[in-house]
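Using the hints provided, position chain G relative to the given structure of chain S.
So the chains spell out like this:
2 protein chains.
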Amino acid sequence: MKRTDIATLGEFGLIDRLTKDIKLTQKSSIKGIGDDAAIVDHGGQRTLITTDLLLEGIHFDLVYTPLKHLGYKSATVNFSDIYAMNGTPQQITVSLGISKRLSVEDIEDFYSGLKLACEIYGVDIVGGDTTSSFTGFTVSITCIGTAEEEKTVFRNGAKDTDLIYVSGDLGASYMGLQLLEREKTVFDGDKDFQPDFAGREYLLERQLKPEARKDIVNMLAENGIVPTSMIDISDGLSSDLLHICSQSNAGCLLFEERIPIDYQTAVMAETFSMNVTTVALNGGEDYELLFTVPLHLHEKMNNLKGIRLIGHITPPEQGCCLVTRDGQEMQLRAQGWNPLAEE
Amino acid sequence: MKRTDIATLGEFGLIDRLTKDIKLTQKSSIKGIGDDAAIVDHGGQRTLITTDLLLEGIHFDLVYTPLKHLGYKSATVNFSDIYAMNGTPQQITVSLGISKRLSVEDIEDFYSGLKLACEIYGVDIVGGDTTSSFTGFTVSITCIGTAEEEKTVFRNGAKDTDLIYVSGDLGASYMGLQLLEREKTVFDGDKDFQPDFAGREYLLERQLKPEARKDIVNMLAENGIVPTSMIDISDGLSSDLLHICSQSNAGCLLFEERIPIDYQTAVMAETFSMNVTTVALNGGEDYELLFTVPLHLHEKMNNLKGIRLIGHITPPEQGCCLVTRDGQEMQLRAQGWNPLAEE
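Those protein sequences? They're chains S and G, same order as listed. Using my numbering, the letters of the first sequence map in sequence onto residues 1 to 343. Using my numbering, the letters of the second sequence map in sequence onto residues 1 to 343.
Each hint should be verified, as a subset may be incorrect.
Identical copies go unnamed one by one, so any copy, or any two together, can satisfy a pair.
Pairs of lysine to aspartate or glutamate, EDC-like flavour, derived with a Cα cap of 20 Å [stated by the list, open to error]:
#1 K23 - D109
#2 K68 - E105
#3 K27 - E148
#4 K2 - D109
#5 K2 - E108
#6 K100 - D16
#7 K20 - D215
Read the hints as simulated data drawn from the structure, not as lab findings.
Okay, chain S solo, but in the shape it has when bound (with noise of 0.2 Å):
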């Protein structure tokens, strides 16, 4: 029998294999596979579904990580999904497999950070299934959310001349990460692990307890403005905006001096010896949204606070660039993190 190594596919590879046929039959099914959550039509408003597998060894490292700051992270990286859609999150289930190691103080440290982020979002933890694990501790969330159907924003509506937004700064939360593997190996084995992380507050806190933007998503909704396309920067700004790219069928330009990058961030690259673009472009887990909206509310976009015009959108067979600082045009290509490639 054929053996296939699903590390020559990759995760978007395997994805595509076994979902290309899938087909939606049901009337309240309106989009499927595909974008940052699914939307499904029961009457009334657009209901939302995203859904995050968190496993232990993969997505975090509990030497580094407190329980309350993942319970925290692992809500808010799901509504940011719900956000990337111009949604309202509502509801999630929680399900954990939960290892011998952990005590109930530890999964209650957990849930306190799960119950803080869903008082501060206005989200109701409506489920779940909790049960035993022989190995790592697993979490899968799925959050329910809520959007008006003229106002839902998907991947695939990017125009040509369209700009390119992003909120916030990128490449923290991986700077931060590297920050902690290297402390972690330093303390290797010492059992009262104190790094000095003085100063550095900014980057841990960007990997650990990341924030899921609504309040960009309430600004646009103010503003009157709706993307054309969005989506929340997850794998990194080149993976994601490909994404947009690839399913709006369209190119675009990007600048690299345009990228935002915090004091910290670059700091932390030059320390590491590392190309802060490449740390801002491919680093991931950066849950800022990443949106375009059409060339001509380009003067009201400017008086807006917290996002950054960084290219625009072209034809496709122009493809995706990179403008370096330098005035060349490069290729832009996903180096995302990505958890099923070949190492």
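Just chain G, lined up with the frame of chain S:
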């Protein structure tokens, strides 16, 4: 710092502790934790949500579980929860943590079972998350369904004198599991593991490829019957009937001689020197529907096929009792399969 071992609380104790202070704050959250599915209302029909986490080594053993069957079962056990609310499953999301041992073809087999179940039950696959797993194969499915507001059935509606019915027969799935485990031990180490299961197909099918009782829900609807309470039997008849009684603040009388048991189940219990009533009460994974209807429907219920009257609801002070074949009354106990209990 205090560290309480999770086994001291068990699954239900832990869930209680974690969720006792969770309140619903959103107008759209109708029903939270504590039933077969949660209910949200975004206008129009009510939306039901249920989720199940299946972990290798805990919930399934890939030595004797064909991946196609596992895919089928992963879907139907979720559909079963939606039917237990008198609802209709409409969509699922599928999250997989894939261990390196599995090939692309293995995952395709899993998906073929999943797709088959979805086709048969009229359900769409609308999303999910796919990642690698350092450890075992991890399956997390969330099912979205609909229900009419006045026809939704909860666990908490059973009233004194209501009749208790169960669909199909009980204990077969558990005996199927025993059979598979025994053959696994016998053939341990033999790569060409081909045990002879002739004449025991029913037990194996009940364990490996269970159906959800859509037919029973449809039959009740066609006859204009809305149960006062309902649950699907996943933990075992005892445990799940006790859920109905405690949530309805009621007692019950369950008659041993009326518990439906298939001939093959009885024979296999005999072979294994097990008490077949214990198997039917506590085996679990039957995915049959357990429900109550008002006494005055007795005659009407008599004409329905595929269900069995097994007892009736009593005042809470009478407790939950099993009437044995020789007329003794015994207190009913939950000895259902509890993956977080102390061994």
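Going through the hints against the structure:
Within a single copy, K23 and D109 get their C-alpha atoms only as close as 41 Å, which misses the 20 Å cut-off; across copies the closest is 18 Å, which meets it. In this assembly of identical chains, K68 and E105 lie within 20 Å of each other by CA distance solely inside one copy; the values are 11 Å within and 38 Å between copies. Taking identical chains as interchangeable, the C-alpha atoms of K27 and E148 lie at most 20 Å apart whether they share a chain (18 Å) or sit on different chains (17 Å). Taking the shortest Cα distances, K2 and D109 sit within 20 Å of each other only across copies (12 Å), while inside one copy they are farther apart (45 Å).
When the C-alpha separation of K2 and E108 is checked against a cutoff of 20 Å, the pair qualifies only between copies, where the shortest distance is 12 Å, while the shortest distance within a copy is 45 Å. Taking identical chains as interchangeable, the C-alpha atoms of K100 and D16 lie at most 20 Å apart only when they sit on different chains, with a minimum of 19 Å there against 36 Å within one chain. Taking the shortest alpha-carbon separations for K20 and D215, neither the intra-copy value of 35 Å nor the inter-copy value of 30 Å comes in at or below 20 Å.
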